[in-house]
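Undergrad: My request is simple: use the sequences and hints to build the entire structure.
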Amino acid sequence: MTAPDSNVTATVRTMLERKIVEGELQMPVLSTVVTQVIELTRSMETSGTELSELIHGDQALAAHLLRVANSPLYLPSVQIVSLQQAISRLGMRVIADLAVALAAKSVAFKVPGHEDEVRYLWRRAAAAGAFAREIGRMRRKSAESALLCGLLQNVGFPILLQTTQEICDELGYEIPKEVAWSLAEEYHATVGARMAGSWGLPDLVVESIYYHHMYAQAPQYGDDARVAILADALAGYLLDDGKSQGAPQSGAEAAQEAQPALSLCQGDLQPGQVGPIPDVDLELVEGAGGDAEANGGRPVGSESGEDVESGADVRRDALKSQPAFGELDLYPDDVDELLSRSDDVRETMELFV
Amino acid sequence: MSTESFDFVIIGSGPAGQKAAIQARKSGKSCLLIEKSRTLGGACVHRGTIPSKTMRETTLIMRRFQRRTTALSSNMEIPENMRIDSLMLSLDRVIDGHVRYMTNQLERNGVEIAHGRGRFLGPNEIEVQSPSGQKRVVRGNTIILAAGSQPRRPPGIPIDHERIYDSDSILSMTYLPDSLIVLGGGVIASEYASIFAALGVKVTMIDKAPRPLFFLEEDLTDRFVKDFQAMGGEYIGQDRVARMEWNGFDAVEVETDGGQKRRADKALCALGRVPNLEGVGANKIGLELTDRGHVKVDEFLRTSVPGVYACGDIIGPPSLVSSSMEQGRRAARHALGLDLGDSQEMIPTGIYTIPEISSVGLTEAEAWERYEHVAVGRAEFGELARGQIAGETYGMLKIVADVATGKLLGVHIIGEGATELVHVGQMAMMSGSPVSCFAESIFNFPTMAEAYRVAYLDLHEEHEKKQLQVA
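Protein chains in written order, with the working numbering: chain A, 1 to 353; chain B, 1 to 471.
No wet-lab data here; the hints were simulated from the structure.
Be careful, since some hints might not be right.
As the list claims (entries may be wrong) - Straight-line C-alpha distance at most 25 Å; calculated SDA-like pairs for lysine to any residue:
#, chain 1, residue 1, chain 2, residue 2
1, B, K29, B, L340
2, B, K202, B, R223
3, A, K177, A, R123
4, B, K296, B, L336
5, B, K53, A, P219
6, B, K135, A, R139
7, B, K53, A, D223
8, B, K261, B, G200
9, B, K261, A, G48
10, B, K135, A, V314
11, B, K53, A, D203
The structure displayed is predicted, hence computed values, not measured ones.
TA: Below is the structure:
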């Protein structure tokens, strides 16, 4: 692919920034049913019948709940055929999380022209959500809200990709995928946080999305932002499929490239200072997988099975050396423990994909 | 790998470790303080004492406001779905201030701090592993183990930190629940139970003891239970949990051996704490433990291994911040061959329930076991002008004295300000003052300290009736 005309990119960027700053970005809207489901699941007074009647109004959600309730994860002794049975089986908390996740997936994670990448992004988000919950349990802190922080931290990407596509359509331009993803990388935290705010999600979730690449600057929920970004790193490791074309750059390099525009734009949009991007060098993790892909599926330098082992060790060591783990008082053996829970993570992940 | 040597190596930067480190440095000794968390202070600062007290303070302010502004009371209902963190808005400021103070103090005194996990390689040798996995080995002429404790996870209680919490995770709950089951009747259980009840949560406490805070003066715990019930709380005593589980839908359900069944939004398991011995390598050096799994120490805080001391939660009760600080200081002083003093005998108990409880010395029952004639006096806070003005009429102060000598044996208080007020009695006891000193002293008016004088007059009147002479 030839390099894009720099004027075209600059024009698209300007229009995208204007839309963000002026609040013209089309935010996915949470359906009335999902909004009410979230409200109802927070109340002790809610009955299964009441919830069931409400969910009947959203066929997609109803079908998804039935599918999950019948999944091996919940080991139903009899087939779950009614929504009320499914609600009893899953419980309020899972229903609330599923409602938000399904809404995010259906209204945000659909971008024509980027289907494969966005599918990967969603799978990774689901794994990150599951890992975030495991980190919360291990730290004995905020396990309840960690799942949504992990799951939604990159929800800004598809929204921005969609908007970029619309701008290009409007101008009659074409830009390569990697340029579109690079633009999305710059603003995804701001836009993701804004979406979470518009959906009425807790401040903790909104702030952790906004600050997940610069957790050191988070006013109140820096640790939750750390949990989110580390969960994403663990998810990347687990999925082990490297960086697919145009998939989000989470590394310091991309973040640093984005910094000038990010500072300008985020400062305009959100309260709080936007400082330098912290050094969350996920490239170490993702890069290994990416190079492996380019190397015919073998990790870099692999000639034999032994080398494959050492490649995996390198990736694992790189993962463990993320400074944010230490900042959360998680030691290398804790990271091993988290990775040993991969089966649980995959099961939770399947709820959302 | 090279080995660095220090006069003192201390594992844990909680109240015990800090005081030991300061004492060592003040005596001119080199000292390495190993802390596994990125910030100093231990569980006390980050998960226990300070966070819960911060939430309690907000609760008290709301409660006082409700009491005093009846005209506005209809607007002071606790909102549905109130976020827990909104009750602790000052927490970060409080913790930052406290950590900064501690860090400055340690640095000013020249204590070297290592962020990592400490593990015994031998009686005088510790391996320190940093969060990034790097290791170093240090030697200490004296090792002080002050690694703290963590909540106990009793078998059969599925603590998941999402629906069933322990005392470390309870404050990371997102929303204030409508109802809460609290397992346990000790200090932590009673503190959280009363705070949540004061916030309008329907709280059920379940414990094997017939009353909560069983070790305290019965007058105080009776009052506590009455106030707890008045806030909508329920105490199920002399019972045990047979089954506890999340029902998979909307509630935690509990069944007791006594056949009681309860359900609630959330549950808190506060059935004690266990010492942080895992990963310390206690077995490696053959540290002797007590029957309850704490590190066994003698009166000088020496463990069974020469050169190794232990203090704080890791040695078991009383597990108070105040006692841990004193233990840390004493351990270091003993290792240095310095005089220990005798203040260890008189440690007050401060319990931050709503209402607050504090106690020092003997209970009435304990006094009767040791003395032939015991006299008690009570002062109701409602009898005090300050109590009326402050709207704190619920409390009570009780004094216990030996009739033969007039010696003050114990002071027990329930009511706001109890943990401060107890120090007046503590000082009288430490100075050996007779109980009559409360009648002969002039206190500020109006103050809650007047309760001492009122209690003495009550004691005196009671004994005049019985024609007993209190010295």
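Undergrad: Now look at each hint and say whether the structure bears it out.
TA: Structure-based check of all given hints:
no.: 1; hint: K29(B) / L340(B); in the structure: holds (18 Å)
no.: 2; hint: K202(B) / R223(B); in the structure: holds (19 Å)
no.: 3; hint: K177(A) / R123(A); in the structure: holds (19 Å)
no.: 4; hint: K296(B) / L336(B); in the structure: holds (21 Å)
no.: 5; hint: K53(B) / P219(A); in the structure: holds (22 Å)
no.: 6; hint: K135(B) / R139(A); in the structure: holds (23 Å)
no.: 7; hint: K53(B) / D223(A); in the structure: holds (21 Å)
no.: 8; hint: K261(B) / G200(B); in the structure: holds (21 Å)
no.: 9; hint: K261(B) / G48(A); in the structure: holds (21 Å)
no.: 10; hint: K135(B) / V314(A); in the structure: holds (19 Å)
no.: 11; hint: K53(B) / D203(A); in the structure: holds (23 Å)
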